[in-house]
Amino acid sequence: MRSREVFRRASAPPVARPLAAAVAMLGLLLLGVAASLLVGDVPIDATAVLTAFTHHDSQLAQHVIVRDWRLPRAVADVLVGAALAVAGAIMQAVTRNPLASPGIMGLTTGASFATVLAMVMLPAAGRPELMLVSVAGAGLGATMVYGLASLSHRGLTPVRLALTGMAVSALLGAIGNGVMIYNELGQDLLLWHARGTEGVQWLDVGLFLPVAGVGLLGAVAIAPTLSILTLGDHVARGLGQRTRWAKCLAAAIVLVLVGGAVSLAGPVGFIGLMVPHIVRYLVGLDHRLVIPGSALCGSLLMLVADVTARLATTPFKASVPVGVVTALLGVPFFLYLACRRPTTARPHPEPVSQRARGEAIGVRL
Amino acid sequence: MIRSHRLHPTAMLLVLTVTLMTVALVSLNLGSTRMSLPQVAATLLGQGEWTDNLVILQMRLPRLVLSLLIGAGLAVSGVILQGITRNDLASPDTLGVNAGAGLGMMFLLVMYPTAATALPWLLPVGAVAGAAVITLLVFALAYRQGSVLPSRLLLVGIAVAFGAQAAMLLFSLRMSFVMYNYVVTWMSGTLAAGDWQSLQLLLPCCLLLIPAALSRARVLNVFSLGDGVAASLGVSVERQRLLLLGVATLLTSVCVALGGHMGFLGLVSPHLARRLVGGNHRVLLPAAALCGAILLLAADSLGRHLFAPVEIPAGVLVGILGGIYFLYLLGTTRD
Numbered sequence: 000m001r002s003r004e005v006f007r008r009a010s011a012p013p014v015a016r017p018l019a020a021a022v023a024m025l026g027l028l029l030l031g032v033a034a035s036l037l038v039g040d041v042p043i044d045a046t047a048v049l050t051a052f053t054h055h056d057s058q059l060a061q062h063v064i065v066r067d068w069r070l071p072r073a074v075a076d077v078l079v080g081a082a083l084a085v086a087g088a089i090m091q092a093v094t095r096n097p098l099a100s101p102g103i104m105g106l107t108t109g110a111s112f113a114t115v116l117a118m119v120m121l122p123a124a125g126r127p128e129l130m131l132v133s134v135a136g137a138g139l140g141a142t143m144v145y146g147l148a149s150l151s152h153r154g155l156t157p158v159r160l161a162l163t164g165m166a167v168s169a170l171l172g173a174i175g176n177g178v179m180i181y182n183e184l185g186q187d188l189l190l191w192h193a194r195g196t197e198g199v200q201w202l203d204v205g206l207f208l209p210v211a212g213v214g215l216l217g218a219v220a221i222a223p224t225l226s227i228l229t230l231g232d233h234v235a236r237g238l239g240q241r242t243r244w245a246k247c248l249a250a251a252i253v254l255v256l257v258g259g260a261v262s263l264a265g266p267v268g269f270i271g272l273m274v275p276h277i278v279r280y281l282v283g284l285d286h287r288l289v290i291p292g293s294a295l296c297g298s299l300l301m302l303v304a305d306v307t308a309r310l311a312t313t314p315f316k317a318s319v320p321v322g323v324v325t326a327l328l329g330v331p332f333f334l335y336l337a338c339r340r341p342t343t344a345r346p347h348p349e350p351v352s353q354r355a356r357g358e359a360i361g362v363r364l
Numbered sequence: 000m001i002r003s004h005r006l007h008p009t010a011m012l013l014v015l016t017v018t019l020m021t022v023a024l025v026s027l028n029l030g031s032t033r034m035s036l037p038q039v040a041a042t043l044l045g046q047g048e049w050t051d052n053l054v055i056l057q058m059r060l061p062r063l064v065l066s067l068l069i070g071a072g073l074a075v076s077g078v079i080l081q082g083i084t085r086n087d088l089a090s091p092d093t094l095g096v097n098a099g100a101g102l103g104m105m106f107l108l109v110m111y112p113t114a115a116t117a118l119p120w121l122l123p124v125g126a127v128a129g130a131a132v133i134t135l136l137v138f139a140l141a142y143r144q145g146s147v148l149p150s151r152l153l154l155v156g157i158a159v160a161f162g163a164q165a166a167m168l169l170f171s172l173r174m175s176f177v178m179y180n181y182v183v184t185w186m187s188g189t190l191a192a193g194d195w196q197s198l199q200l201l202l203p204c205c206l207l208l209i210p211a212a213l214s215r216a217r218v219l220n221v222f223s224l225g226d227g228v229a230a231s232l233g234v235s236v237e238r239q240r241l242l243l244l245g246v247a248t249l250l251t252s253v254c255v256a257l258g259g260h261m262g263f264l265g266l267v268s269p270h271l272a273r274r275l276v277g278g279n280h281r282v283l284l285p286a287a288a289l290c291g292a293i294l295l296l297a298a299d300s301l302g303r304h305l306f307a308p309v310e311i312p313a314g315v316l317v318g319i320l321g322g323i324y325f326l327y328l329l330g331t332t333r334d
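Chains as they are written, first to last, in numbering that gives the first Met the number 0: chain E, 0 to 364; chain U, 0 to 334.
Quick caveat, the hints were computed from the structure, so don't treat them as lab data. Some hints could be false.
[To be verified] Covered by chain U, according to a simulated footprint, are these stretches of chain E (three or more residues, beta-carbon under 8 Å):
#1 140–150
#2 293–307
#3 326–333
Here the structure is a predicted model, which is why all the values come from computation and not from measurement. For glycine and all other residues, C-beta sits at the position ideal for the given N, C-alpha and C.
All chains, please: the whole structure from these sequences, using the hints.
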């Protein structure tokens, strides 16, 4: 159906002007950060925002709000969006499954489950410990979903992946509910789930920054390997790739990124699912472009979602979680991905010949 | 798959019934007030003392009947959904019926915060309406070129459930602390609020819908041969599918409205029953109903007893056990 079109797109040079595209994306990102600094409960105009940086006065409430509340929140949005989107791109490349993403594959559920458990069991745990627990929980969720979903005869079909993810989420949710009811905790945990990047401090951002930096740099470093992995295990091995080693490295990067992002902003869904699809549509299949593109696009999406959520607070008379905004976009996108083909048992993200894929990423097959 | 050591289906139904009655008697006996078996029997026959009457007739018996009906209802609707989609993994959970019921109830509570106290019957109605809307949406989205593909139905159900969860998060932030706790306890599937009043709605629905499902057992048998064969055998496929779907949705949403989210019960009981009595829906439907009732009753009794005085909702226990079984099924079945 669409294979000819994909073939053409895959065999053409992926991006005509990557530099121009990157500059445009960075410009949009800066605009997003600016909007994020301007929007909020307290009305602060543009000149006040500017003077908060040029002539900072720690006595002025407006300046403190801009520098110590809105700026860390914007930076956190950028980092979390980039981390989730890049994690999604890596997962879709390694599993060669269009529905693979931190939310569907149980990583965010696992991470938030482990954090909830740690908050109950170890009330004295500090933020670094909680982040470690969150990474471990992401690992638990991913291992459960991936391990169980790949047990079947026909491998990891999208339906099986989604069903397993749902079942693992429901299972961990049931255990979490039991713990919650047994310890008589209620809205504390709800607020933790729903808060997004609200109330993030420089301290939290500083903790996540090195984690995200290492993860994102690692993702860029393994980008060529990811391109080769999308060709399938046999071809990748034939091209001299040590697939097991590469997959382990990719999994470690994904866990660090998702675990850190969840411990900073709670479970924010669908960014890791949507962004890689959009970016692959724009720049093609070469992961040296897909990874940085996903980082930029994910940051932008998270910023826009957060600003939208803040803007929606007034008409809704209650704070709107950023996860609701991303779900509003993500559910139709998921439906589109799930329904676009009559058979869903296709392991490839795109129906395209291996030769065309190889050419798209600069490998002659 | 005929196995020689399997009991005759009728005998198996009898065994299940006896098991159910045993579990029910034990459940009546469990709790902070201990009673001997003759005491329980005397109370049931109307010869009990005043305190025994209060504990058994006003507190334990309605809860027992509620868990029996909810377990049976969810199991029957699970059999129907698996039959009409011809997919072993279909269930009220995977089709978003639970999420829809929760959403409908939350919507009512946010819009009319006094509804819970002023009009107790309004909440179940809201849950039924929400479940019906979500199910219709799922089927409309999965409907393509005259047929509903099972795999697409599952994916659409999961996506819609995600959306409903996000909407519930939004609603729950606007609720007061007390109301939120009420909703969370309800959503995790507790039968603690069971009294004779809540049975007034459930009992007629179950008495109407479960026999309706039983009377369609032959249609479900024919469905398992495939749409084409069913049509050539004289079944008006789309109409029967719609009818059965309506029965399943109504049954599930009434059960969820009164009992909350009983994770995976509607999925596990049909599978258990199929292992016990085989695939003929005439025995499968009653066997599944019995299995569901036994499971829920056992989970409720255990949850009441295990960590007393804190009560673990039956839905949590069923969800944990059912989730593990579901994952086992996923690992072993072909789709």
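*So which of the earlier hints does this model not fit?*
Of the numbered hints, just 2 does not hold.
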